[in-house]
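Undergrad: Fit chain B to the known structure of chain A by using the hints.
Just so you know, the sequences run in chain order A and B.
Position in the first sequence counted from 1, then plus 105, gives you the working numbering.
Position in the second sequence counted from 1, then plus 60, gives you the working numbering.
By construction, these hints were calculated from the structure, which means they are not laboratory data.
A portion of the hints provided could be inaccurate.
[What the hints assert, rightly or not] Footprint (simulated), chain A over chain B, 3 or more residues, beta carbon under 8 Å:
no., segment
1, 180–186
2, 263–274
[Unchecked claim] Among the chain B residues that face chain A by a calculated CB cut under 7 Å, a handful are:
no., residue
3, 87
4, 93
5, 142
6, 162
7, 177
Beta carbons: idealized from backbone N, C-alpha and C, even for Gly.
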Amino acid sequence: MRRNATLLGLAALLFALGSAPAVAQSRTVTGTVTDAASGDPLPFVNVTIEGTTRGAATNVDGEYSIDVDGPDAVLVYRFLGYIETTETVGSRSVIDVALEEDSDILDEVVVVGYGTQRRGDVTASVATVDVDEANEGLVTAPTDFLEGRVAGVNVIENSGEPGAAVSVQIRGGTSITASNEPLYVIDGIPVSGDNVTPGGAGQVSGGPPRNPLTLINPNDIESVTVLKDASATAIYGSRGANGVVLITTKDGSEGRVTVDYEGSTSFSTAASTYDVLTGDEYRQFVRDNFGADALSGPDANLNVNAFNTNFVDEIFRTGTTQSHNLSFGGGTPTTQYRASVSYLDNEGIVISEAQQRVTARLNANNQLFDNRLRLGLNLTSALTDDDFVAANDVGGFEGGLFQNAIQFRPIAPVNDDSQLDGYYEIEGQRSFRNPVALANQIDETARTVRTLGNITAELDLVEGLTASLNVGGDRSVGTRRAYTPAQSPLGQEFATQTTNGGSAYRRTLERSSATISTYLTWASELGENLNYDLLGGYEYQEFNVSETSVQTTSFVTDFTEDNLLQSGTVAINANNAGPGTFSYRADNLLASFFSRANVNYDDRYFLTGSLRYDGSSRFSEDNRYALFPAVSGAWRISAEPFFDAGTAVTDLRLRAGYGVVGNQAIGDYLFLPLLAANPANSAVLNGIIVPGYAPSQLANPDLQWEQKEEVTVGLDYRLLRDRLFGSVEFYRNTTQDLLLNVPVLADVVPTQVQNVGSLRNTGVDLALDALLFENDAASFTLGLTFNTNRNEVLDLGGATQLFTGNISGEGQSGGTSLLLTPGEEFPIFYGLEFTGEYNADGEPIFVNYDAVDLDGDGLIGPLERQANGTTDAPGDDDRVRLGSPRPDFSYGVRLNASFGDFGVRAFFRGEQGRELFNNTALVYGTRSVGANRNFLDLEYDPDEAVVEAPTFSSRYIEDASFLRLDQLTLEYRLGQVLPQVRNARLFLTGNNLFVLTPYTGLDPEVNSPGASANGISSVGVDYLARPRARTFTLGVNLGI
Amino acid sequence: MNTLPTRARAALLGVLLAPAFGLAGCTDLTVDPYSAVTPENFYQTETEVIAALSPVYSQLRATLWAYHNLSQVSSDETIIPTRGGDWGDQGRWLSMHRHSWSPQLVDLNDAWTASYAGVARANSLLRDLEPLDVPNKDGLVAEIRGLRAFYYYTLLDLFGNVPLIGDEEGEYSVDPDDPPQTESRATVFDFVVSELEDVRGALPVAGSGNGGRFSQGAADALLANLYINAPVFSGTVTASGLQPGSPRYQDAIDAATRVINGPYSLNQGLDAWYGQFGPDNQDNPEHVFVVQHLAEDGYGLNFGHRWSHYNSFAGGGWNGFSTIAETYTAFDGDPRQVIFMEGQAYNHDQCDPTGLLGSECDEDDAINNRAGDPLIFTVDFPNGVDGAATEGNGVRVNKFAIDVNRGPNGNHGNDYPYFRLGEMYLIRAEARLRSGDTGGAVSDVNTLRSRVGAADVDAIDLDGLLRERLYELTYEARRRQDLVRFGQFTDAWSFKDASQGYRVLFPVPQIQIDASDGVLQQNPGYN
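Isolated chain A, as found in the complex:
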């Protein structure tokens, strides 16, 4: 008890230093505070005397002692998660209090756009994520929270590279060329989701965009709310089309200082890797197919030495990740703060890659004038260091790491001391590279600093009327540097007669944005049962970007790396992308007026309307502003007098909403005529370059917003005394005026962005939470999410077919795997239908189709085909629908069991009825005709003949339905293991423990970032996907 007393004293010291000394008449009140439900004592409950700053806290046994001035004193008992309770002392000297847990979910406060709402008042489609439950194991960005935990939210990893961007889609893709990513709002500030780390140096390095949300330490997040439908997101107007994710960070709370530490170590390995021929198998393959002496030349030696190198295994490793989070917070009744630092060192599962991140955050709040003025500060900064490998496998001929890991002959060794840098490379050979050398030779890193901060002020002007101000800034600087040494095969491509080669590259990307929003809220009542509140405001945002890239090549020595760029030859690239030397800057501005009204009659009828008037500099003066209205309502059936279902139904609400939102996530200046200066516009005349400026873009003053209309009907239910609750929602959204890159006839540029076409998503979201079992010692809960979505292209502005889904790999250029056509999903797989048979020459036989005007409209659409025999020389007419990359339905299952101090949590995710194009198998599962490269084991059968050129067809469209055990956590809650310790917990989490799927590639949930073509986003193409990691994390939480 001595220790407790010390601790109490410390706590008291911190927040009660200012307490006035007890006056003479005072007497002491003691008591015990318990949990009303369990009867357990509650430690650290704040007990204060109303109207004073004096207070005390309960000890570990829930006991407190406080001096009061007299019988009129009112004691206030506050504890997070419990309902605040007051007691007038009267004549009592012992006051025991049982605090009720604040468990009424209808009274829970939900963050919505520009404010909060009581859960029970929400009429639109708004989902919250259980952050504590989601934040288990190796979570590196808040986007991880969304995966499978919110019905209708689909997260696809484009790459497993540490820190790589993921693709988040809410209720299906709503746009073809504009972004389909939701808007992220952090502490009330809409932030740019644009990449903040510059792209790669081309050749084989580079890789996909980075995840901009790695800025936020997941442990700093208080809540994540997803606004799913247009009636909820219309308050964000032109940026609401893809949903809005509202992230609120943790604030400090009144009370003693609490310190929390979370530390973990994770071990990650590739859950599966490419299965290639062993050295012995490969030798046998070559002898069988090319004769006994086929391993001649440099390979003859390899034959003798009989190396058996698995280059796939050589490039993977067990990556160790360390994560440390330290936070502390506390405060007085008028000032609260919370500060945190985090450190993440993520090694990655591929050799020579890593990400380190340090974040720091300070949130502070102050209440003045009797809590009429509330000030807040949120400030965070993140420093991210990336170390990349040459993993850009999005096409290209020689390819990057994974391509070479598959292809490099397994009869070769990794190292060769006789070569300059110690790696074995095939003599005189530049088009296959030792993947281990490739990973280690290219030095490519990036450092990104992003700082995000905002200040809020809320002033209660008169009762019910509050003015709010939110001013925020967001600034990032990312610098990428890359050096490809001259002595590497890649660097030798830049060799000239006077230099050794090599390429050095530096690129800096700066972004900044400023936001100011002001709004007034007015809450009042019109009569006894009619409450309403109004919101009106204005917001202005400015975004700036500037980027500079310098690349020089052909150095005499590798000694200087990228430190003396001026010693090389400048490489120009005027397309503001990829490698080379270029610069650009751009601005865009948004100005908006918004308003919202909520009406609640008798807690039975709810109505919400919102209106946003948005202006964006991305459109011409005539189309700059647009109005985005929404209306939604709810009827709480269970509150009707006629409704009496006893205890079976606690709450039943019917909701409906309609809204119009926009999408302006397109490039800047698209409506203006633009001139570009680049090699394509500059002639060589008289032996010199004459710099030329030519139109790069046609003016389109008619350009305007994409508009999405959405209708949602939903039912919220709480059954069996809240043991079962959830919602069912039906939605239909239609996007019109799609921004598409449309071919123009015989003009200076071949295409122009125009508003044509429309797209529709129809679907059902289900959510269910159930408390299946509960007693004193154990509990078991189940959570379910389910979504089925049908997506349909309605119109493409007259075009009958648009292609995307570039086929990657040698000999595949110009090929596409995905089709957009009216009446079908966006998109569908489209190609030849393989019969499974071969002709006498070993060439595959396909189903032959005739193009027939089936619907008799005089035009032959891309799907109007009639089977007519077979062919071994297929043409364009033989291409048909081969499947869809979109699932029929997707689901998530959360199981949560608690036995005394032990807890088990499991999270399963799955998608059913989707296909994937296995582009990897197409290119590397087909045996090459040359005796020079390894290939995937899939097709290997030494008895069969060899020759078949890889041809995209139905045989590479695979069922990619899956069920994944995404997360399994075992925890042991030690509680107060030591008196000083508030709580302690040990946990072991496994991520991605197994996946059940018929898919033969590495992972069914991938999309190759290089597959997008013609400006149309792609989905469902697997080309040299990085294997997904399987991670085990051991960690500890400690709170004092």
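TA: Coordinates of chain B only, in the frame set by chain A:
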């Protein structure tokens, strides 16, 4: 609770809203892109006008991809076999060689948009210049119209029936609400010819390719080509084939003679003949109309990369373009066979296999294929061309020799002569032969034969003349034109069966027909 009456509260609300919305002054969202240039503030000096010409000229480089490939690969000069998966590219290259292309073939749209971008750039510059007073305006306008005529010539050659923009007074661009109609090939031919005849007088008389700019010689050389092809270009193509138009042989003789008598001279000797295609060929006296290149990223010629093997030089080529056996063997006995790479392959950074431009190759310079075996370029394709072709199959055309000082990404410094003096002798010889002047034809042919050290011929017929054109002009994008004009384009040759008569014209790209809302007409046979 409510200390103020409702009315007062409402008034207060209004007062409080006013300053909040006062910030709403920021509703002006005008932004200027940082790199805007408008014609009014640009064309002040001759330097600036030449800079404005630059994009019209730069588009010439773009025609050396799709226009050149369609001309080459659809003829018997070039085949791109599928080697394993390499160069399979969804059958694109073999469909070009086998004449089984559809209106979806990507190269068709690439060629169309490259040439029309040239037309549109010329038109927009003509529009910008129209109200301005700039130095030497007449000469500039003639130059731009000449270039525009060249771009129409490429469209006339490939697609025949195409829309004309700029053929009417004051028309400088497409009106999207009234897309231009398809014009008949004869109309396009007449327009191109009349433009060139109209502007040639205002163009400078200058030799050695005129630094890459359009000259009177360029106009005359282009006219000579148009006239010799007049039966094709002014004819009509139906689903069954070509119905020829009227010949213009005397016009061809006259135009070719004007170039022959102009400020140009033939390269004498096989090395000088070969050198005019090499990396140091700038300002060659034989060149009439040239696309200049530099060995820098984005400014070079990639012909050297198209054929060469991955191990042919540092960085390596693309190992695609090859030649069929009968075309290679047709050169037997002609010195100009040096352009072909056959047998053991060498490293071009170390030597020149022809020995004409650099040191000859020896066994130290020999290179291996990717399996590590010696790389031998074979005349035949024993395993066919549908995937089983090996890395070494097929003889290669190294007419535009590898530039050892090339820039990155396949940018060789060789200039490309669209028209050169040598062809003028062949055009005149053919026109003379077809008009009955065999003696004149023999004389012109021997002028070209003797300068490369080939024996004179005593007589010549049309087959012989076509062969002379092959020897002289291989890989200069003339073979398709020649085979069409000589009625052999749809014949069978290696890895190609006889094709339908309408294949002498390419189809209008489907994308363009869609973009015109169906106003453009597809060429006969392709519907």
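Undergrad: Answer holds if the nearest beta-carbon of chain A is closer than 7 Å to that of residue 142/B; otherwise answer violated.
TA: holds (5 Å)
Undergrad: Does residue 87/B meet its interface restraint, that is, does its C-beta lie within less than 7 Å of any C-beta in chain A?
TA: holds (5 Å)
Undergrad: Measuring from the C-beta of residue 177/B to each C-beta in chain A, is the shortest one below 7 Å?
TA: holds (6 Å)
Undergrad: The hint names residue 162/B as touching chain A; please verify it with the least Cβ-Cβ distance against 7 Å.
TA: It holds, given that the least Cβ distance between residue 162/B and chain A is near 5 Å, below 7 Å.
Undergrad: Return the status of the interface hint for residue 93/B: holds when the least beta-carbon distance to chain A is below 7 Å, violated otherwise.
TA: With a closest approach of 5 Å, the residue 93/B hint holds.
Undergrad: Within the segment 263–274 of chain B, is the number of residues with a Cβ closer than 8 Å to a Cβ of chain A three or more?
TA: holds (count 3)
Undergrad: Quick check: do three or more residues in the segment 180–186 of chain B have a beta carbon closer than 8 Å to a beta carbon of chain A?
TA: Since 3 is at least three, the answer is holds.
Checked against the numbered hints given earlier, the structure satisfies every one of them.
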